[in-house]
Structure formats: structure tokens, C-alpha cells
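Undergrad: Read off the chains here:
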Amino acid sequence: MTKKICLLALLAVVAGCSKPSGGGGGSVATGGTIKIGQTMPFSGPASAYGMIGKADAAYFKMINDKGGVNGRKIELVALDDGYSPPKTVEATRKLVESENVLIDFGSVGTASNTAVQGYLNDKKVPQLFVATGGDKWADPAHPWTLGWQPSYSVESKIYAKYLLQTKPDAKMCVLFQNDDFGKDMLSGLKQGFGDQFDKRVIKTASYEVTDPTVDSQIVTLQAAGCDALLTAATPKFAAQSIRKVFDIGWKPLHFVANVGAAITTVLKPAGLDKSVGLITGLYLKDPSEPAMASDPGIVAYQAFMKQYMPGTDPNDTNAVYGYGQSMTLIQVFTQCGDDLSRDNVMKQAKNLSNFELPVALPGIKINTSATDLRPFSQVQLAKFNGTSFERFGSALSAD
Amino acid sequence: MRGAAGRSARARLVLTALVATAALVAPFLLGDYQVYQLSVIVVYIVAVLGFDLLTGFTGQVSLGQGAFFALGAYTGVIALTKLHVPYAATPVLAGAVCFVVGTLFGRTVARLEGLYLALATFALAIATPQILKLDALDAWTGGSQGINFGKPASPLPTLLNDDRSLYFLCLAFAFLLYTGAWNLLRGPTGRALVALRDQPVAAATVGIDVAAYRSTAFGVSALYTGVAGALGALVAGFISPDSYTLFLSIQILVGGVIGGITAIGGAIFGGAFIEIVPDLVSKISDAAPWALYGLLLIVCIMVMPGGVAGLARSILHAAEKSRKARPR
Amino acid sequence: MQALLHQIFSGLANGAIYASVALALVMIFKATHEVNFAQGELAMFSTFVASSLINAGWPYWGAFVATLAFSFVVGVVIERVVMRPLQGAPALNTVVVFIGLLVLFNGLASWIFGHTMREFPSPFPPAAWYGSSYLSPHEVGMIGVTLVVLTIVFLFFRFTRLGLAMRAAAENPHSSRLVGINVGWMLALGWGLAGALGAVAGMMAAPIVYLEPNMMSGVILYGFAAALLGGIDNPWGAPLGGFLVGVLENVAGAYLVGSHLKLALALALIIGVLLFKPSGLFGKTTVVRV
Numbered sequence: 001m002t003k004k005i006c007l008l009a010l011l012a013v014v015a016g017c018s019k020p021s022g023g024g025g026g027s028v029a030t031g032g033t034i035k036i037g038q039t040m041p042f043s044g045p046a047s048a049y050g051m052i053g054k055a056d057a058a059y060f061k062m063i064n065d066k067g068g069v070n071g072r073k074i075e076l077v078a079l080d081d082g083y084s085p086p087k088t089v090e091a092t093r094k095l096v097e098s099e100n101v102l103i104d105f106g107s108v109g110t111a112s113n114t115a116v117q118g119y120l121n122d123k124k125v126p127q128l129f130v131a132t133g134g135d136k137w138a139d140p141a142h143p144w145t146l147g148w149q150p151s152y153s154v155e156s157k158i159y160a161k162y163l164l165q166t167k168p169d170a171k172m173c174v175l176f177q178n179d180d181f182g183k184d185m186l187s188g189l190k191q192g193f194g195d196q197f198d199k200r201v202i203k204t205a206s207y208e209v210t211d212p213t214v215d216s217q218i219v220t221l222q223a224a225g226c227d228a229l230l231t232a233a234t235p236k237f238a239a240q241s242i243r244k245v246f247d248i249g250w251k252p253l254h255f256v257a258n259v260g261a262a263i264t265t266v267l268k269p270a271g272l273d274k275s276v277g278l279i280t281g282l283y284l285k286d287p288s289e290p291a292m293a294s295d296p297g298i299v300a301y302q303a304f305m306k307q308y309m310p311g312t313d314p315n316d317t318n319a320v321y322g323y324g325q326s327m328t329l330i331q332v333f334t335q336c337g338d339d340l341s342r343d344n345v346m347k348q349a350k351n352l353s354n355f356e357l358p359v360a361l362p363g364i365k366i367n368t369s370a371t372d373l374r375p376f377s378q379v380q381l382a383k384f385n386g387t388s389f390e391r392f393g394s395a396l397s398a399d
Numbered sequence: 001m002r003g004a005a006g007r008s009a010r011a012r013l014v015l016t017a018l019v020a021t022a023a024l025v026a027p028f029l030l031g032d033y034q035v036y037q038l039s040v041i042v043v044y045i046v047a048v049l050g051f052d053l054l055t056g057f058t059g060q061v062s063l064g065q066g067a068f069f070a071l072g073a074y075t076g077v078i079a080l081t082k083l084h085v086p087y088a089a090t091p092v093l094a095g096a097v098c099f100v101v102g103t104l105f106g107r108t109v110a111r112l113e114g115l116y117l118a119l120a121t122f123a124l125a126i127a128t129p130q131i132l133k134l135d136a137l138d139a140w141t142g143g144s145q146g147i148n149f150g151k152p153a154s155p156l157p158t159l160l161n162d163d164r165s166l167y168f169l170c171l172a173f174a175f176l177l178y179t180g181a182w183n184l185l186r187g188p189t190g191r192a193l194v195a196l197r198d199q200p201v202a203a204a205t206v207g208i209d210v211a212a213y214r215s216t217a218f219g220v221s222a223l224y225t226g227v228a229g230a231l232g233a234l235v236a237g238f239i240s241p242d243s244y245t246l247f248l249s250i251q252i253l254v255g256g257v258i259g260g261i262t263a264i265g266g267a268i269f270g271g272a273f274i275e276i277v278p279d280l281v282s283k284i285s286d287a288a289p290w291a292l293y294g295l296l297l298i299v300c301i302m303v304m305p306g307g308v309a310g311l312a313r314s315i316l317h318a319a320e321k322s323r324k325a326r327p328r
Numbered sequence: 001m002q003a004l005l006h007q008i009f010s011g012l013a014n015g016a017i018y019a020s021v022a023l024a025l026v027m028i029f030k031a032t033h034e035v036n037f038a039q040g041e042l043a044m045f046s047t048f049v050a051s052s053l054i055n056a057g058w059p060y061w062g063a064f065v066a067t068l069a070f071s072f073v074v075g076v077v078i079e080r081v082v083m084r085p086l087q088g089a090p091a092l093n094t095v096v097v098f099i100g101l102l103v104l105f106n107g108l109a110s111w112i113f114g115h116t117m118r119e120f121p122s123p124f125p126p127a128a129w130y131g132s133s134y135l136s137p138h139e140v141g142m143i144g145v146t147l148v149v150l151t152i153v154f155l156f157f158r159f160t161r162l163g164l165a166m167r168a169a170a171e172n173p174h175s176s177r178l179v180g181i182n183v184g185w186m187l188a189l190g191w192g193l194a195g196a197l198g199a200v201a202g203m204m205a206a207p208i209v210y211l212e213p214n215m216m217s218g219v220i221l222y223g224f225a226a227a228l229l230g231g232i233d234n235p236w237g238a239p240l241g242g243f244l245v246g247v248l249e250n251v252a253g254a255y256l257v258g259s260h261l262k263l264a265l266a267l268a269l270i271i272g273v274l275l276f277k278p279s280g281l282f283g284k285t286t287v288v289r290v
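Protein chains in written order, with my numbering: chain S, 1 to 399; chain X, 1 to 328; chain L, 1 to 290.
One thing to keep in mind: the hints can contain errors.
[Unchecked claim] SDA-like cross-link-like pairs, simulated, lysine to any residue; straight-line CA separation at most 20 Å:
id: 1; chain 1: S; residue 1: K124; chain 2: S; residue 2: N344
id: 2; chain 1: S; residue 1: K251; chain 2: L; residue 2: M117
id: 3; chain 1: S; residue 1: K54; chain 2: X; residue 2: F149
id: 4; chain 1: S; residue 1: K190; chain 2: S; residue 2: K54
id: 5; chain 1: S; residue 1: K94; chain 2: X; residue 2: I208
id: 6; chain 1: S; residue 1: K136; chain 2: X; residue 2: I41
id: 7; chain 1: X; residue 1: K151; chain 2: X; residue 2: I41
I should point out that these hints are in silico values taken from the structure, not numbers from a laboratory.
All values derive from a computational prediction rather than experimental measurement.
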């Protein structure tokens, strides 16, 4: 008896509720505010990157205090995903389906962003300026996704070209993190060296993020007899690599991936004296560089940090990153004018021409188009002199 | 006495009917995102059931449930993408593979007691993401990138959308496995398992093959966890090594302990807890969700070692007692 | 050949970290017959406390001693408040509390100290006075400290009344009570000493692995492997196991299985030792009483 009633009730509900749901790429009603969302590893193993989200939030607060963009305020909903992809899927669905955000902005993590790339593209929700340097973000098959920073492979391709020019018969070793980041760096080297790859790169060693140290790998690489080394590592392991290379008296031409080349968070713990001669590729200004103290872009950034993020170290490169990334988004919204449909946001995001970010190095510009899906695609090489990175040459692109 | 037992049985029946109705009707009242959340809860319920069967009923402490969850997820997705098995059948395959592997693992570690088994499985949980990344398995597992296969489409798009069809798939498996566990524990196997937990030596002397039971319990538990893993992968549409870290194993442990490991009904509460509470906690304190999680675990095991199920049981008992004490 | 030697030395340095973690595990085990899953996180937390003191202007050794005292107190408090009520409870409850402590201290550290990686000073002179590049001065100092601590722990259990009383309390609480040993305080003392030993391990490891909340998550598994391999009830066997694991990990990583399989190797070691030689290479075989 009860079962029958339940069944009837169920049928009634089915009949009432089986209308299709979910919107397409149309306009999202925003009224006076633009609501955007992001997933951030505020907790869990990658929480250092949570700083990017905090800087994003602070930047939008500043914009709102100044009257917003085209008269509209920005509302940022940042959800913690603990760097776990299943949690990212859930949080992203919440943002899109229950928070009704216009776009997914600046979310952190390669695996996390990969997990929601299909979903966001199916729903035609812009996945803008993901905070990871994977190659896969510039993919015509996913037109609703855009990266931001120079991709890892572009960076390592530039290292390869530089090495070919300056030391054509160098032998290179590579220490890389055993994940997308490390493997993209390797594939960039393959592109850069071309058919010379097997002759130039004679030994590679990987590490896992759970390894206590990379000392053993460095010893292995030194024994291979390389005179150049690329450390494609995250901060902790980059610092270990720099220290160990120095301690064992190995003096290779040492390239360190941008991710692991911040002065305050990597070189200082490793020892500034041990870091002399390191080469990296830069695209953002480093607030700790003395010459930057009077740079207008950095002066504005310092003022922002002082007012909106008091108590945070302004030299944290993640803060510069979030600041610049948010500024790029504001440029997109400014270009959108009053048409804040997802279609138009995506169109404008792919229509940035020679946008000069005040915290980007001179000569390094953001360019996107329907076919150019890489906002940043240049880096400038720099050598560490014991106190700061000295840039040399001009801004280089991979092609 | 009979009246009381009858009342309690009736109360249980009503409760079961209520839960079942809610589970069937809710997806039609909720939006897609909430349906998705419900599916995740059901997945965790199955995983917690697997933990309860092993740890609650045989006393073997496993901190490595995440490893079997991952094995189930990868088996299911590889079957789906490489062997083109229909998606609704992948959890079955995952369960079978996990049963075999779990039994073998259980057989291997059957000698380990208490803390040492916990240690061995703890190590397994820590090493899982690294094993999933192995270069040799790259072609199958997608290495550190994982596999992005997209959510399977609904077979009856006019009646159920994708999220709802996946939800009902999860629910069907959960129902089957739940009833399975219930029958298993009521029969002689259940009694043997409990005897093993409480009196291992005595159990051996009355002819229970301790090692065989333990490894089978491990296998059955792995089967449950593996099915949960495969369902979880289908629901998320994506797998990668980063999805199966030590924290997953800890979450399953938390769900089991909070729900109450010796009552399978507790699994429902435990599964919901895993999914809902971290969000609530991060609303209270953005900075320290983990710290609160740890504190909660400690407090729970000290104040109510029987979990919510144990608490409910003792409240029912107390009510029963006071009713009996009342003069007629 | 030179490369192999180099790998071995570098392995000894890592091994010293595992050895000092293993020593803390031995201390708890000797005192309570339990394996503390949260040992690594406690050590990490202690190291953060030391780092904060040093940043506040304390001299290194002042901070060092204060941290040992702090960690001792934390250990005692955990025993009295959390572990005491669980006496006689099934292993599951104990394990759940250990996991709870692990998560709790990791969360607390992230909350209080943040996630940005910190450098931690080394108390040893920066120049390699022994004229070899195989080991850095800190690594040499750390190995030395580990050996000294090992000796102290060994002597403590072997020759002091307190050490004997602690062993007795763990092995046979009832008889110990009869001969007038305060069993309850012995357990607390064991936890306190293990906390202090863990702090030493953390402060020695931090200049090498750098200080952040997940500092010990990679180390602890090797620490377990070390303690089990050498015998978790053996104050010189377990640290020896640490050095063995360190060398084995490096040599196998470099020449046999490749560096991406190191953690799996530790896992295999743990399960292998538990199954085939549960008392470890140097531990004494125990008989399970019914």
C-alpha cells in the first residue's frame, strides 16, 4: 500500500520535473555586479598557491572601491578544492549551476583544470586564465579555455635555443618533476633541440613530490658528466637542487624553471651565494629587485599590497601573479563594455592586442586572437648575480 | 517484550521506507548540481560500507581503502575507454578485479595484527599516487595526466538527464551492496566474522579458518570500495593520480568512525558526512578545516566510539527502557 | 665507482634523517608498545616552534633547548589527555586517534605558520673543514648528532633505573605496579621523550628538506621502513635501519629501479619486513601471549 503511494508520488514528480536544465552560452543576468568563480587549493598540499586567490580577491576589492569596471562591481566566489580533482569538479559545478557565475577565472592546478575543462566547454562557460603553464590550454578543440602564463614548453624551448647559440656542444642534464609540468618542460627541450636532442640531453632524472630530497638525483646527473643542467622543479626541490649542485662542487650552466626561481622563496633558502650564475626565464617583474623600487608598475603594486593585503610579504611571486592575472581580466571586462554575455567575454579574451601589463617586463606583451590562444608567449632570460636577476638580451618567443 | 521488539522493528521499517523514498524522489526535486552531490554521497556510502565490513566486523584496521578505491576507478575507466565495456557494467568489473586483488592482499597480510596491519595499509595509501603514475603503465593509465573521458550520457535522455541517470546507477549499486552486506552479516558468516574480531583465538579453536575468513573479508571490502571507486570515476568524468591521495583513505576512515563501524546503517550517515561536513567546516573556518577534521576524529572516538549509529542505538535503548519502566 | 661512493654518502645523510625519526618511533614503542603515525607531524610542528623562536631573536641553542622542552610537554599532554582514556581500547581506536593527531597537527601548522616554505638555520659551521664534497657540513653534523642521540637513548634504556622502569611498564604493567613503578607516568614520560627526540629529528632535517607543513610527509614512510627494518624495539637497530634505508634507497634509485619507484620500494620494505621478519634485522623475537 505504502509502496504504491510512493510509486505514484514518484511518477508525479518525474512528470513534473523532467524538463531539461542548464543554460548555454547566452548571457548571464548580472545586474549591477559581475559574478565570477574560481577553485583554489586553500588547503592541502599545494596551499602555497592559495596566495594567488587571495591576491585576486584583494585586487577586485580595490577595483570595486574605485567604482568597479564600467560601473559594475566584481563579485568573486572562490571555493577551496584542496588540490583534489574530484573536489574541483564538484566545486566548479557548484559555481556554474548554483552560484551562476559568468566565468571560471584563474583556477589553480593542471589536474584540477583538466578535470573540468570538458565540463566548462560543454556548458560554454569561459575557463579564463587558468593558473598553470601546461601546453594543453592552447587547444582549438577547447575554445572556451585560455591559459595565461608562458607555457612550460615555450620556456624550455627558449633555454634550448639559448644553449645551442652560446654553447653549441654542451651536454645537458635534466632534473624534472614526474608530472605534467616536468614532462612539458622535457617536450619543450625536444622541440628546441630538434634532431640534436639525443646528442645534447644525455641524462634525465625525475623526482616525486613525496621524495624527501633530490640529492641522489643530482649525484646521478653529475656523474653523467653534463656541463649544463635544467632544474624543472617546484620551489622546495629547486632549492634543494641548487644547494646540492653547489655543495658537491658541480658547476654546470644551471637553468632553473621560472616556477622554482623566485628569489625570496627559493634562492634565499638555498643560499644566495650558492645561486650565483643561475639562469631563468622571466616574464613578470620581481618586486624584490632593487632596480624595480621606482618602477611605476611595481610602485602601484606595492601600494596595493600595503592597503589591501597588509601582513603579506609583497615579494611573494604568487601575489604578483594574482595581481597581474586579475588585471588582465579587468582589461577583458573593460573591452566587453555592456555586453557581458559569455560569448562576448570569450571573444574579448581572445582579442587582447599588445596589452602591456604594468607588472610584466618591458617588451613582454599579452596578445591573443582567435588563433593565438597563449596570452603570454615570451620570456626574457636573466642571470642571478647574488642579489637579483640581471636580465639580458631581448624578450624571446618560442618561434 | 514481543510488543517492544515489534515496535522497534516497525520503527526500523518506517525509517527504511522513509530513506528509500527520499533517495528515489529527491533527485527530481533538486537541481543538477545537488543531484551530482547526492551521487557523490552514495559513492562514499558504498566506500564506507566496505570499510565497515572489514574494520568494523573483522577488526582488521585498514588505512589503505583509498588504494582499492583508486584500483576500482582505474579498472572501470580503462574498461570503459580501452575495452569499450558499457559504462553501467564497469563497476561490476571493477568490483571483481578488486575482490581478487583484495583477497590476495588480505591473504598476504593476514598474519598482521592491529597496528601493524594499519601501518602496512597506511604505507599502501601513501604510495598509491606514485604507483598510478608509473611510466610503464602510462599507455593504460594516462600517467600523471590521468584520463579525461567525460560523463557518460543517459540511456533514456527523455526521462532522465545525465546526472540523474548516473545517480540512479549509483543508487542501484548501493542498494544491492547494502542488502548484500545486511544479509551477509545476519547469517553464519557474520557471526563468524564477529567471533574472529572479538575472540580470534577462540574462533580458531572452534574451527573457523582465521586466515581464510580474514582474506575473504579483505576481498569483499575491496570489492565494495572498488565499486565505489568506479562509480565515483563515472560521476566525476575524470581520473588522475592526484585524486587518490592519503587524504581519501583518511576520509573513508573518518566516515566509518563517525557513522559507527559496527552498524552498516551508520555508513549512510558516514557517507553524507564525508561529502557535506568539509564544506560546512570551511565556511566556519577558512584556514583550518584539516585541524577541525582531526579534532573531530579524536573527540568522536573518545566520546562516542560507536559513532552516530552507536549513539542512536543507545538512545533507542534508553527510550525502550523508560517505556518498559512506565506502569501500565 | 666514485659515483657509487657519492650515492652511498648522500644516502647516509638522508639515512640520518630517517634514523632520527626512527629513534622517536622506538622511544614510543619501548614505552607504550604503540607505533605513532603522527610522529612526523609532531616533529614538523616542533620545528615550526623552533623557527618562530629563532625568528623572534632567540639564539639557536636557546631555541633548540626550549623546543625540546616544549615538545616534551606536548608529548606528555597528548598522553595524559588523549591516549590515557583509550587504555585497553581496541587497536582501531588508537589508530584513529593517531590519524586524528596527524591531521590535527598538519592543519594547525598550516593555519598558524602558513604554507610558504621557510629556511631553517644549521648550527654547524658553513665551511667543509674536512675537505670533501661528499657530505656538506650540516650533513656531517646531523649524522654526528644522530649517533650521539642514539648512544644516549641506548644507555638510557640499558643502564638507568628510569629506562628500565619504562621498559618494564610497557612490557608488563601489572607486575611493574607491584614493584612500585608508576606505570601511568612512565607512559607519559615515554611520549614526552619521543616528542623531544622527534623535535631533534625535525630540527636536523629542516635545513635539508626545508620547513613547511608537509615537510615530514615524505620522510615518515621511510622512517617507518627504517624502524621496522632495524627492529622497532631496538634503540640502535632502528637508527641503523635508517642509514640502511637511506643508502638502499639511493643506490636502488640510481642503479636498479629508477628514482620514480623509491616510495614503492619503501612500501615493499615495510610489508616485506612485517611479513617475513616482524622483529626486524636486529630486534628480538617476541612471543604473542594469549
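Undergrad: Now look at each hint and say whether the structure bears it out.
TA: Here is what the structure says about each hint:
The suggested pairing of K124(S) with N344(S) holds, with an alpha-carbon distance near 12 Å, which does not exceed 20 Å. As the CA atoms of K251(S) and M117(L) are separated by approximately 26 Å, the hinted pair breaks the 20 Å bound. Using a Cα cut-off of 20 Å, the hinted pair K54(S) and F149(X) is violated, with the two alpha carbons roughly 32 Å apart. The suggested pairing of K190(S) with K54(S) is violated, with an alpha-carbon distance near 36 Å, which exceeds 20 Å.
About 50 Å separates the Cα atoms of K94(S) and I208(X), which puts this hinted pair outside 20 Å; it is violated. The hinted pair formed by K136(S) and I41(X) fails the criterion: a straight-line CA distance of about 32 Å is larger than 20 Å. A hinted pair counts as satisfied when its Cα atoms are at most 20 Å apart, and K151(X) with I41(X) qualifies at roughly 17 Å.
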